[in-house]
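Undergrad: One-letter residues, chain by chain:
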Amino acid sequence: MERIVTTERVVTGETSVGSEVGAEKMTLEEVRDILGAEVLAGAHLLSLEVSMGCGADLMSDVLAYGKPGSLLLTGLTNQQVVRTAEMADIVAICFVRGKRPDEETVEMAKRQELPLLWTRLPMFESCGRLYRRGLIGVSESTD
Amino acid sequence: MPFTRVQELVYEMKVSQVMSRSVITVRPQMPMSELREIFRDKRISGTPVVDGDRLVGIISLEDFIKWLYDREGDSLIENKMTRNVETLYDDEPLVHAVSKFETSGFGRFAVVERRSGKLVGVITKGDIVEGLLKKLEIDYHEEEIHRYRASHIFEDIVADRTTLAFEYDVVGRDFERAGESSSRLKRTLKRLGLDPGVVRRVAIATYEAEMNLIVFTEGGRISVRLEPGRITVHVTDSGPGIPDVEKALQPGYSTAPQWVRELGFGAGMGLVNMQKCADEMEIISAPGKGTQIKIAILTGRKR
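So the protein lines, in turn, are chains A and B.
Each position in the first sequence, counted from 1, maps to that position plus 1287 in this note's numbering.
Each position in the second sequence, counted from 1, maps to that position plus 150 in this note's numbering.
Incorrect hints may appear among the rest.
To be verified - In silico DSSO-like cross-links for lysine-lysine, where the CA-CA straight-line distance does not exceed 27 Å:
id: 1; chain 1: B; residue 1: K397; chain 2: B; residue 2: K250
id: 2; chain 1: A; residue 1: K1386; chain 2: A; residue 2: K1354
id: 3; chain 1: A; residue 1: K1354; chain 2: B; residue 2: K426
id: 4; chain 1: B; residue 1: K250; chain 2: A; residue 2: K1354
id: 5; chain 1: B; residue 1: K426; chain 2: B; residue 2: K444
id: 6; chain 1: B; residue 1: K192; chain 2: A; residue 2: K1354
id: 7; chain 1: B; residue 1: K275; chain 2: B; residue 2: K250
id: 8; chain 1: A; residue 1: K1312; chain 2: A; residue 2: K1397
id: 9; chain 1: A; residue 1: K1312; chain 2: A; residue 2: K1386
id: 10; chain 1: B; residue 1: K426; chain 2: B; residue 2: K397
id: 11; chain 1: B; residue 1: K444; chain 2: B; residue 2: K397
id: 12; chain 1: B; residue 1: K439; chain 2: A; residue 2: K1397
id: 13; chain 1: B; residue 1: K285; chain 2: A; residue 2: K1312
id: 14; chain 1: B; residue 1: K275; chain 2: B; residue 2: K285
id: 15; chain 1: B; residue 1: K275; chain 2: B; residue 2: K192
As the list claims (entries may be wrong) - Listed next, with one range per pair, are the computed distances between beta-carbon atoms:
id: 16; chain 1: B; residue 1: T405; chain 2: A; residue 2: D1430; range: 30 to 36 Å
id: 17; chain 1: A; residue 1: D1430; chain 2: B; residue 2: N234; range: 40 to 46 Å
id: 18; chain 1: A; residue 1: L1332; chain 2: B; residue 2: G322; range: 51 to 57 Å
What the hints assert, rightly or not - Short, incomplete list of chain A residues facing chain B, as computed with Cβ under 10 Å:
id: 19; residue: A1343
id: 20; residue: S1347
id: 21; residue: V1349
id: 22; residue: L1350
id: 23; residue: P1355
id: 24; residue: T1361
id: 25; residue: L1363
id: 26; residue: Q1366
id: 27; residue: V1368
id: 28; residue: M1374
id: 29; residue: D1389
id: 30; residue: E1390
id: 31; residue: V1393
These are computed hints drawn from the structure, not numbers from a lab.
Glycine included, C-beta positions come from ideal geometry on N, C-alpha and C.
Using the sequences and the hints, build the whole thing.
TA: Set out below in structure tokens:
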């Protein structure tokens, strides 16, 4: 499948070859800025990098198809999301559609050093913006 | 407590934390006759033989008695000592020491530093028991962990010879704690230094199993066994049973109520996910008789 090349890359002189060759990693700081997100947990971990994105509200799907090193985008906000991330080696979670997890869920993530982000953007737009900026999807990853 | 703290501790603690550091050593050129006083005065039944910094052998009370019994003339220790000394590294987890005691039948091991090969201590079964007891006491103070009967300690660590077992009791309908057992297991496996891919597969399979126990049963038990080359997860419950196992294994087939789906589960992927993570999977189930699932994950090979 052909990869979408972002305008920014073209403007800055980066060719499509770069994005075709391999996954561009993205720091959580970049993710936050692209999504206009707020950080709920792990503010000191924003230099961590994610190598792909995974958007799902079904945790079983995350367990089945997710890959280690992913950013999970989800509209589900209960504790099982944090558990799932822990089991599946997800790097960070971004809650979409302005849904906020409760305090206990945030505390659990803090204990596990799992960064939590929160954006008002809907799922499609969140994924779309990140993808446009070069974050690949699970099926494209060769890991 | 889901499984005994001692079993967890043998993974957490290192040989260096329980070994005796003040090691009495002897030189290879020392005469056997001098051992009598050393063994008697120091109340030990064996000692490493060291040439300079280097560990060259071990001499035990048994060797000494044999020498006495043979009624030969005096001899140098180097002629009577055991040369192929089995050692432990100071940074190995205690569990290695436990299994080494079990398989070898020796009473003590010399502990050497991994890098330099220098002798840094000696470890006996007694040291292990004492070390675990001390650690448990500290833990009791620090975390107020559940009571544990000290008399069982030795039983626990010698019960398993080459395999290590963990058990987790999962309480049905307890959503607050859903995933706790899998989380603990994952942390323990990680600490053991197992391949991250293997750890992830075990964790995901166990987590799905744990969710099933919580959603569909009054509770059950997850037993995990670690053997060389494989990890076996055995999940048992006395719940309602699965009427049609073949159907349950079809992706998307679900009997879960809506509220489970709201948690992000119950979409008919649980057993499918478990199968995906497993190298071998067996399901025995009948309505009204509960379910038994056995999953094996091979640790030796890459997928």
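Undergrad: Run the structure past the numbered hints and jot down the numbers of the failing ones, going up.
TA: 1, 4, 6, 12, 13, 18, 29, 30 and 31
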